[in-house]
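Visitor: What follows is each chain in one-letter form.
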Amino acid sequence: MNWQSWSQFLAMGGYGLYVWGSYAVTAVVLVAEIVALVMRRRGVIESLTKYYAARGRNHETKA
Amino acid sequence: MSTSKRFSWFHFSSPQTFYPLAGRMQPWFAWLAVLFCAVGLYISFFVAPTDAQQGESYRIIFIHVPAAWMSMFIYLLMGFWCGVGLVFNTRLSSMWATALAPTGALFTFIALWTGALWGKPTWGTWWVWDARLTSELILLFLYIGFMALQAAIDDQRRADKAGAVLALVGVINIPIIYFSVQWWSTLHQGSSVSMKSAPTMAMTMFAGMIIMALGFWMYSIAAALSRVRCVILERERHTEWVMAEIGGRT
Amino acid sequence: MIRALGWVLRRDLLLVFRRRGDVVNALVFFVIVVSLFPLGVGPETSQLRNMAPGVLWVAALLACMLSLARLFAPDHQDGTLEQMLLAGEPLVILVMGKVISHWLVSGLPLVLIAPLLGLQFDLPADALGVLCVSLLIGTPVLSLVGSVGAALTLGVRGSGALVALLILPLYVPVLIFGAGSVGATAAGTGAEAHLLLLGGFLALALVLAPWASAAALRIAME
Chain Z
1 MNWQSWSQFL AMGGYGLYVW GSYAVTAVVL VAEIVALVMR RRGVIESLTK YYAARGRNHE
61 TKA
Chain Y
1 MSTSKRFSWF HFSSPQTFYP LAGRMQPWFA WLAVLFCAVG LYISFFVAPT DAQQGESYRI
61 IFIHVPAAWM SMFIYLLMGF WCGVGLVFNT RLSSMWATAL APTGALFTFI ALWTGALWGK
121 PTWGTWWVWD ARLTSELILL FLYIGFMALQ AAIDDQRRAD KAGAVLALVG VINIPIIYFS
181 VQWWSTLHQG SSVSMKSAPT MAMTMFAGMI IMALGFWMYS IAAALSRVRC VILERERHTE
241 WVMAEIGGRT
Chain C
1 MIRALGWVLR RDLLLVFRRR GDVVNALVFF VIVVSLFPLG VGPETSQLRN MAPGVLWVAA
61 LLACMLSLAR LFAPDHQDGT LEQMLLAGEP LVILVMGKVI SHWLVSGLPL VLIAPLLGLQ
121 FDLPADALGV LCVSLLIGTP VLSLVGSVGA ALTLGVRGSG ALVALLILPL YVPVLIFGAG
181 SVGATAAGTG AEAHLLLLGG FLALALVLAP WASAAALRIA ME
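These protein sequence lines are chains Z, Y and C, in that order.
So in my numbering, spot 5 of the first sequence is number 5, and the numbers just go up one at a time.
So in my numbering, spot 234 of the second sequence is number 234, and the numbers just go up one at a time.
So in my numbering, spot 16 of the third sequence is number 16, and the numbers just go up one at a time.
Cβ pair distances, simulated, as ranges: (1) C:L208 - Z:V38: 36 to 42 Å; (2) C:I113 - Z:V25: 45 to 51 Å; (3) Y:P20 - C:Q77: 42 to 48 Å.
Taking lysine to aspartate or glutamate pairs in the EDC-like style, the calculated list, with each CA pair at most 20 Å apart, reads: (4) Y:K120 - Y:D51; (5) Z:K50 - Y:E245; (6) Z:K50 - Y:E240; (7) Y:K120 - Y:D130; (8) Z:K50 - Y:E234; (9) Z:K50 - Y:E236.
Please keep in mind that the hints were generated in silico from the structure rather than gathered at the bench.
Ideal placement from N, C-alpha and C gives every residue a C-beta, glycine not left out.
For reference, chain Z alone in the conformation it holds in the complex:
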């Protein structure tokens, strides 16, 4: 085990800002991408549902 205590782990030998700044931003970016993908999928399904519903209604009135 490399670390004797939590505070040692967080401090990273004095480089804590740099190491955790890197890891944290990476985590934020990747999580943001996942969230964006989930929201995109929901948005697509929602808009297509509305699109087909509108088209369905149009076809009914035409027929």
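Please build the complex by placing chains Y and C on the supplied structure of chain Z, with the hints as guidance.
Guide: For chains Y and C alone, coordinates are given in the frame of chain Z:
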């Protein structure tokens, strides 16, 4: 005599057949990503020892190098599939290239960001305009340009092909990034990892880096699969099968 | 084929000659931008001398990029481009002719006026010479690579900013070695390597860019 169904290599090259396959594959790659990243992170913090020269700041390598590798690798794949779409006129190839781009751009950003945060304690500067950093920055602009060009053109086929030309023109940047540390004496260190000889770093560090790289790779595949499914739904909205797919949800 | 190239070249130059404003545009932009910098950063000569290669090269780059708007767009609007695509001649040759005419109008004048502007920045004579040579080799590369961007964004709304986004990353190596050559001469370390690399870029661009532009034009026009 039973009817034998000849396996066609091109069976999954249509959006309709690829969509469900992507849906089935995506969770596997997502979990593999979680697994590899978990193991990689464990190694990076709890197994790999402190570096003699750089202290703990070197631990950024476990993100920086895999992200840089992915940024270049994804661009090459994007260029490849753009080329296939351009030559063979296959819609799915272009869709896949479009799906890869944002993930590649994000990894390029991560590589640049973590590189800056690593450079400050080790070199004393956040940024330097040497060949490798400059060409990696250019790579980010190439990704953004690709996405902007495709977004600006309304006609989908034209957008795919124009993006393909741009992506292929930009491929020349990748060897520049990779070989820049050999061609020029730069501030960025040379490669410690090569295909021909043993790595010049401790095995635990090397293992951690490779496993994180695998994790990022699995993540990229999972993200791209997820994105290509959205792209397929968006672009194939006029087909029966998409209507059925969406209809089955309401 | 050479005749076709000559024909396109002659037509483009004739059109520019009739609207001489186009020639002057790039040139005036170059001169004005370069002249703004001493006004902005102050007249201290050592600072200006350091900045000069970069400023002159960036201004040349921007002037070239601005003039890309008249490379394909006017022909596209009046239907000539469509005729060029239907012509029996290889599109690559016709594109090459247009790029040469673009360079003659928007690149070469910059090369010729650069020494005068370099004097504004107190550049020594040998640096001025290298500046001219670097621009002479580099501006054709800018025209060639720029033609790819112009072809890709033909008729797209908001194409001005988009061309900049697409082309500037590809311009960066030319800028680095072009400005670097002048800087190296001023510092005394010799500009050979830079100029040779620029020559390499020119060779690469001559081979690849017309082909990529022609492909992009076909994509834009189908």
